[in-house]
Every structure is written in C-alpha cells, then in structure tokens.
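Novice: Sequence:
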Amino acid sequence: MSVDTFHAKSTLTVGRDTYAIYRLSAVPEFSMLPYSLKILAENLLRTENGTHVTADHIRALASWDPDEEPKDEIQFTPARVVMQDFTGVPCIVDLATMREAVAQLGGDPNTINPLNPAEMVIDHSVQIDVFGQTNALERNMDIEYGRNEERYQFLRWGQGTFDNFTVVPPGTGIVHQVNIEHLARVTMVTDSHGEKVAYPDTCVGTDSHTTMVNGLGVLGWGVGGIEAEAAMLGQPVSMLIPSVVGFKLSGEIPAGATATDVVLTITDMLRKHGVVGKFVEFYGQGVAAVPLANRATIGNMSPEFGSTAAIFPIDEVTLDYLRLTGRPEEHIALVEAYSKAQGLWHDPEREARYSEYLELDLSSVVPSIAGPKRPQDRIELSRAKAEFQQALRSYTADPGTDRPHKITPIRLNGHDTYIDHGAVAIASITSCTNTSNPSVMMAAGLLARNAVKRGLTTKPWVKTSMAPGSQVVTDYYEKADLWPALEALGFHLVGYGCATCIGNSGPLPHEVSAAINAADLAVVSVLSGNRNFEGRINPDIKMNYLASPPLVIAYALAGTMDIDFASDPLGYDQAGQPVYLADIWPTPQDVQETIDTSVSREMFEKSYADVFAGDERWQSLETPTGSTFTWDNDSTYVRKAPYFDGLTMELTPVKNITGARVLAKLGDSVTTDHISPAGAIKADSPAGQYLADHGVNQRDFNSYGSRRGNHEVMIRGTFANIRLRNQLLDGVEGGYTYNFLTQTQESIYEAAMAYQQADIPLVVLGGKEYGSGSSRDWAAKGTALLGVKAVIAESFERIHRSNLIGMGVLPLEFPAEESSDSLGLDGSETFDISGISALNEGAIPPTVEVRATRENGSVIEFHAVVRIDTPGEADYYRHGGILQYVLRSLVN
1 MSVDTFHAKS
11 TLTVGRDTYA
21 IYRLSAVPEF
31 SMLPYSLKIL
41 AENLLRTENG
51 THVTADHIRA
61 LASWDPDEEP
71 KDEIQFTPAR
81 VVMQDFTGVP
91 CIVDLATMRE
101 AVAQLGGDPN
111 TINPLNPAEM
121 VIDHSVQIDV
131 FGQTNALERN
141 MDIEYGRNEE
151 RYQFLRWGQG
161 TFDNFTVVPP
171 GTGIVHQVNI
181 EHLARVTMVT
191 DSHGEKVAYP
201 DTCVGTDSHT
211 TMVNGLGVLG
221 WGVGGIEAEA
231 AMLGQPVSML
241 IPSVVGFKLS
251 GEIPAGATAT
261 DVVLTITDML
271 RKHGVVGKFV
281 EFYGQGVAAV
291 PLANRATIGN
301 MSPEFGSTAA
311 IFPIDEVTLD
321 YLRLTGRPEE
331 HIALVEAYSK
341 AQGLWHDPER
351 EARYSEYLEL
361 DLSSVVPSIA
371 GPKRPQDRIE
381 LSRAKAEFQQ
391 ALRSYTADPG
401 TDRPHKITPI
411 RLNGHDTYID
421 HGAVAIASIT
431 SCTNTSNPSV
441 MMAAGLLARN
451 AVKRGLTTKP
461 WVKTSMAPGS
471 QVVTDYYEKA
481 DLWPALEALG
491 FHLVGYGCAT
501 CIGNSGPLPH
511 EVSAAINAAD
521 LAVVSVLSGN
531 RNFEGRINPD
541 IKMNYLASPP
551 LVIAYALAGT
561 MDIDFASDPL
571 GYDQAGQPVY
581 LADIWPTPQD
591 VQETIDTSVS
601 REMFEKSYAD
611 VFAGDERWQS
621 LETPTGSTFT
631 WDNDSTYVRK
641 APYFDGLTME
651 LTPVKNITGA
661 RVLAKLGDSV
671 TTDHISPAGA
681 IKADSPAGQY
691 LADHGVNQRD
701 FNSYGSRRGN
711 HEVMIRGTFA
721 NIRLRNQLLD
731 GVEGGYTYNF
741 LTQTQESIYE
751 AAMAYQQADI
761 PLVVLGGKEY
771 GSGSSRDWAA
781 KGTALLGVKA
791 VIAESFERIH
801 RSNLIGMGVL
811 PLEFPAEESS
821 DSLGLDGSET
831 FDISGISALN
841 EGAIPPTVEV
851 RATRENGSVI
861 EFHAVVRIDT
871 PGEADYYRHG
881 GILQYVLRSL
891 VN
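Numbering (the working numbering), first residue to last: 1 to 892.
Do not take every clue at face value.
What the hints assert, rightly or not - Subject to a maximum C-alpha distance of 20 Å in a straight line, what follows is the list of computed SDA-like cross-link-like pairs (lysine to any residue): (1) Lys196 with Tyr19; (2) Lys248 with Ser363; (3) Lys340 with Gln727; (4) Lys248 with Ala289; (5) Lys272 with Glu359; (6) Lys272 with Ser355; (7) Lys768 with Asn739.
Stated by the list, open to error - Each pair of labels, with its calculated beta carbon distance range: (8) Leu115 with Glu73: 32 to 42 Å; (9) Gln285 with Gly842: 19 to 29 Å; (10) Glu69 with Ser567: 24 to 34 Å; (11) Gln756 with Gly274: 37 to 47 Å; (12) Thr628 with Thr166: 15 to 25 Å; (13) Thr742 with Pro624: 37 to 47 Å; (14) Lys453 with Pro624: 27 to 37 Å; (15) Pro846 with His193: 38 to 48 Å; (16) Ile860 with Ala289: 53 to 63 Å; (17) Ile407 with Ser858: 29 to 39 Å.
Quick caveat, the hints were computed from the structure, so don't treat them as lab data. Don't be surprised by glycine CBs; every beta carbon is placed ideally from N, CA and C.
Go ahead and model the full structure; you've got the sequences and the hints to work with.
Specialist: Here it is in structure tokens:
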C-alpha cells in the first residue's frame, strides 16, 4: 500500500510525455542534504508504505545531522540489481532452490521472481590460456565455453524462467563498463498502474566495484549475493543513514600523470582518513573538469578506500557521456529535466553540508603504482625501485647487499636467458577500473607505438595480455591504428572480461613456471586492475602491483621491478642509443587528439545494438525448460543449495554459544580472497581431491569462482588461499589448521567436518579490516557451512560483516584498543559467548560476554561488541539468515 504523508507526488512534463515524480521540495529540509542523501530521500518518499518505510524514516533523514554518528535506520529499495557470473550463478542457484522450498512449504514457486530488473553480465569466466597471438580471443572463448557449458546452460534456463532477469553473454565486456555504457538509466522510468513514474536510477550489485556507476551520478554499491537476492525479491536494504564525506576537487591532472594515478592517490588519502561505511561525494568547481571516464575510474575504486559509495553529481558532463554512448535524445532530456527539477543537478556554487571534508588539488598528483599486496599501498613511481627492493626482503631470505638475488637460467624460444627475484612475469591490461577509460587506454596504445618505432621489445619471460572492458575499445584501437604496435609487444586481445584482476591470468609458460618454483623466486605481476591481494593473481607470483595501462607496457619492456624510469633506460634503439620512458611517453595533447578522432557514438550503438543475443556459441547451447530446475546429481558445477534443508515456518530460538573451538586465528587485512579464493584449484587441496574423486581431470578443474554453483567445492575451498596464515600453526601457509580433537595439523575443511561430527561449534579470530575486498558472498556462506557460529575481529569491512549476518554468523568486535594478542588469546582456548539470546526478545545487545577457557583452566573474559547494527539485520539473524527470512515472508 502506497502512502504519501508529505504530499510529494506530483508531475513533470518533458516534451510530449508526462511523468509522476515524488518532489524533494515537499520536505524543505532536504534541500541542504548532500546529493547522495537526496537520492535516498526520494527513495523513501516514493516507497513509503507505513510498514517498511514510514513517515518517521523520512523525518529522520530530513533531520540528518552531519556531525552525529549514524544511528537512524532506513530501508533503501534499489531500482535494479546488477551481477557478474561468479557471484550471479550462486544467486540463481539459490533462487532455483527457493522455488522448491516454497513449494515444500505450501506456497507457489512462481512467487520467486525478481520484482525489479536483475541484469547479469558474464565477464568473470574467461581465462588467459592463450596469449601473444592473433587468435587468442577465439581460442580463449572456445576454451571458456568448453569449461563452463553447464553453468551457461543453467543461466540460460534462468533467463527463460525468471521474470525481469536478463543475461549479457560472454565476450561482451566487463559488468561495470557495460553498466555505465548501456545498462544504467540515470533516471529510471517504470509503468505503475497505467502511469509513467520517473525516479533516480539506483542499484546494488554482486560485485564490490558496482560503485563504478557512481561516476555517472547513479547511487549504487556492492552487496553480497545473498543481499542481492533479497533485493531482487522486493526486500529493501536495511541501512543506517550514513555519514557523508565531502571531497573537493580542484586543479587539473599534470602532464605525465594519468587517471590511474589520481585514483591511487585518492585511495591512499581516503584509506588513511577512514571512510569505511561512509558515502564519499565529490563537489566543487573542479568537478566539471573531471571527464566522465575519470569519474567512473574514481568511483570504481570505492571498495579499495573502503567507502560504501563514491559519487559524482549529474551535470553537463553526464549528459555528454550519455549522448556519446548512444542513449536516446528523449531520455537524455528527461535526465536533465528530472535532475534539475529535483535539485539533483550539480551546482558548484551551492555547497551541501557534509560530515567531514577533504580536498585534492589534481595538479599535485604524481605518477604512482600500488603494491605489492594491497591497492591502498601507493608508491610514487620515482620511489618504486627502492620500495620494491625493501619489500622484497619480506618475500625471500636469499642474500644480497642492496636487495636479494637468485639468478636463475632459463631457455625461452630457443635462447638462453635468466630471471631473478623481481622479474615481471605478468603484464596485463585488464579490469574495469582502467579499461573503461579512453585516456589511459589510448596512452597505452600510443606508448606502444612509440616504443615499437624505437625498436623496443617485451622481455621474453613476460606473459602479456589485453582484456578490454568492452568491444568499443577494440573499435577505437582499430580506428586509431594502434593494434599493430600493441601486438608487436605481445598485447594481443585475449578476451573481454575481468581476467587477470580476478585471478584468471591463466598458467605461466611451463619453462617460466618451472624456473620460478624450482628456485622459489619472488616474481611480480603488473596489472591495470584494482585488486592485488596475496595469492589472487597467479599461484606462481608472490608480489603484485597495480599500475596505469601505459606503465603496464613500460614494465613489460623492462621485464623487472628493478628499474628507475627516470635514470634507467627501458632498452636501446636500432642505433644503440638508450631509450627512456620519457622518450616514448605520449603527450596529453596526442592522447586527446587521438580520442577525439577515434571514439564515436556509432561505436557504442554498434556494440550494444543486440547486446543480449550473444554469438553462435551462446545461441546454440541446449537450454533446460520448466519453472523449477532439474538438478543433475553428477554435476560438479551446479548443485542444489543446502540452506533450506529442514526449514520450517517456526523460528528456532537464538542460543548462546558454548564450548566453541577456534578454527582459525588470523591477522590484519584478511580479505575475502583469503577466506574464499576465486582463482586456481590446487590438485592436492580438498576441493581438488573432491573434483578428482568425481572424475574431473586437473586440466578441467577451472577456478573456484566458476564453481560457486557447487557448495561442495566451495565449502572445501573456504580459507583455502595458498597465502593464508593461520596463527594456530607456526610457519605454515595455506588452508590448514590445528585440530584440537586429534591434536594434529589438518586441512581447515577436514578439521571443520570433524568438529561438526562432534557437535562442537567454531569461532574465527581476526584482526583489523576483516573481510576487506570483493563482495564475495561465499566468504560468508563457506564460513557458515563449516560450522563457524561467530567471528571475533578488531574491525570488519562493511559488506562481509553484512554477509556474515545474512548467513546466520555472529560478527563480534574486540573491545576498543584490544585484540587477540593483547588479551592473551592464542586460539587454543574453548569459547563461551553469552547474552546473544537477548535477540529472542527483540533487543540487540550492545555487547556479549565472552569467556575463553585455557587448557589449564584459567579464564580470559571480555565484552565483545555486537555488530548487528540495525533491527533489520537482527531479524535476518533471528531467522538463521536473510534468505530464510525472505522465504518465510513470501510464504506467509
């Protein structure tokens, strides 16, 4: 039932069309809100129903105090959901399973349907098996379809069965680039009871980099797959009205610096400032000078600095981009008229109130890279060589005066050469962050052309690749005649997808891999991505650096991190003269002129003319039919999820946790990649053994990400990252723990199953920023299915904390300034956690009592902070998880 307490409903006429809108001016206090909160305000006015959204919620937002800590809960209803296939496949598996569960509980299975648009882009499955040759794209796509046929058939079934669910087939582009280039509406229009309703485009996505669309003025952010499923089924997102950080931009990017350098600088600034759980909003006179592609690049990195969103308001730059990318003129007119009518149009003279303020003069930005293991660890390029040499000592104990060395002979392509610590084993232009941005992509192409003219070549041990974010990049490279130079340096087109950045870098050449492993070399990858966490990019590579696309090519030419680009040559030309980076770096004028003559609206119109159709491979897939899915018990890709087994309509009361053992004691910055890796499956891991037992050859193991539709693989892959350091063991890396029942070292999966058999609950101890990184719901699903009942950490990243609650796992924080170590916990204790049962009476206890009993009988006691932040989250936890809550609600 719709309610309009503030009489906000009105009309807006644009051209020949009239739209119903909910005017923000109906509540005068909204006028001074930040742009992002105005979008939330409109959302509340439009969805007010007296139950989920009430007049009190609207009043709370109207009285928002930027100086207060967030305390007021609201319910946000996103206009649509976007997904990529790694996280999207388990979403559709869960929806298919929910249909069966609804039927078993006496309901109609067809009630399980997305109520708003749910759009999936298959972009995470392509792996770089073939590189450095002209047919790499076709061969990689053939291999992709061979590996993933079951998954793709399942997704085609979902597209044909579920309402409001569409799939962009493989080989089209990266989800976030497809989102800004085509899927995003900026202003939505829907038909409601015969009238057109216009409202701001908003979205949640099953990938943390959903925030890329913030550059287009669309409020959206990453959520776990389980939250996305609830949003698809009409459940609002429960959230506290956030703090908003105003980030003022001024000046212009200097020559020699790129949008990537701006992003790494902002990431460094905001991570140091502390913006976890907050909105970041860019404002000021400098905003108008920031191209849309740069805005998208900045928005994309929001998860790296920890904010929920990082948004730019709508202005002429937004409209120009919509026009460039082929949006209809009548819709562009609506976006402009609606934004101006609602006070959502950027006015640099009108400054909103913000919770905190930061400022960056873009002219101060210098070339940078980030690494070797976190995107926020920015290094000025002038110090990259020295910083690498210092960091290297943490990755090897080999001797060396300035830095450790281990010269290792290798024969490649019939020639003898050598590699050493710091050799660049992968140089990849990949990921949504940068391949959406013509300024850095053209710079890379022009640098390649200049390098080829001077006779430079890529070092033979470097695996090179080019994986653009959309087919438009291919078109403008062709128009600018840059492919010949890129291919001369080995940067052939290998696929349109996330590729290296998600861990789908593919195997290194056998000779290189063998030499690295035989000598235990600390080699590096350099990629134009947004993630460089340990163990993510390639199992042979220990150190990973993020860099702009032109710098990726520069490092491929150098072949080593041991280079100071200012004083060391990249190589020598045909006359024997040294060639430095400055000699081949394109000028900003050259880059802009190439963009102006090579990027056109027609390219976007052609690429997206029939975006959902797919190629012959996609269209020829055999597709199952029927409103419920017929599960194949022999499938190793898609299996019925276990979350609803034994579910009844009655709630099981929340119980205190007693006699729990520690499954893992972990340090700071444990990412969702550590908890649930996306990359290669090792043959001797529990997941590898499971696949082998089910007749899968090792060459067909594929990745953890591609197997997310099979919970049996994913449970075995939880905490299986090869770089995980479980402090219950000394000097051991990987997915292992100490089993206190057998008093032996075992895989985490084996130990967890033994504890489940003995009916012993488990806890995990963590440090700061627990669960940072990708919005990976399997990091929470796997944790829950292993039998973990609580995670006690110093702090949580936003999405993972929410995901844990969504799976019925209790997130707790140590008291302020305390940690496992400061409290004297070594993980051998038995844990009792009391006080959480207060949730049965509807209250959220601020703390619970934790008693950790040592083996000698002594006790450590402390009060842990309960990180169930809203009544909505408390409901999810009481039901055992968000999906159980939604299912019961639908049946009722």
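Novice: With reference to the structure, classify each hint as holding or not holding.
Specialist: So, going through the hints one by one against the coordinates:
1. Lys196 with Tyr19: Roughly 5 Å between the alpha carbons, so the hint for Lys196 and Tyr19 holds.
2. Lys248 with Ser363: This hinted pair holds, its Cα atoms lying about 13 Å apart.
3. Lys340 with Gln727: Violated, at about 56 Å.
4. Lys248 with Ala289: Answer holds: Lys248 to Ala289 is near 12 Å, not above 20 Å.
5. Lys272 with Glu359: Answer holds: Lys272 to Glu359 is near 14 Å, not above 20 Å.
6. Lys272 with Ser355: Satisfied, since the Cα-Cα distance of roughly 17 Å is no more than 20 Å.
7. Lys768 with Asn739: violated (25 Å)
8. Leu115 with Glu73: 32 to 42 Å: With Cβ atoms ~22 Å apart, the hint is violated.
9. Gln285 with Gly842: 19 to 29 Å: With a Cβ separation near 50 Å, Gln285 and Gly842 fall outside 19 to 29 Å, so the hint is violated.
10. Glu69 with Ser567: 24 to 34 Å: violated (50 Å)
11. Gln756 with Gly274: 37 to 47 Å: Holds - the Cβ-Cβ distance for Gln756 and Gly274, about 38 Å, lies within 37 to 47 Å.
12. Thr628 with Thr166: 15 to 25 Å: holds (20 Å)
13. Thr742 with Pro624: 37 to 47 Å: holds (44 Å)
14. Lys453 with Pro624: 27 to 37 Å: violated (54 Å)
15. Pro846 with His193: 38 to 48 Å: For His193 against Pro846, whose Cβ atoms are near 44 Å apart, the range 38 to 48 Å holds.
16. Ile860 with Ala289: 53 to 63 Å: holds (56 Å)
17. Ile407 with Ser858: 29 to 39 Å: violated (53 Å)
Checked against the numbered hints given earlier, this structure breaks hints 3, 7, 8, 9, 10, 14, 17; the rest are met.
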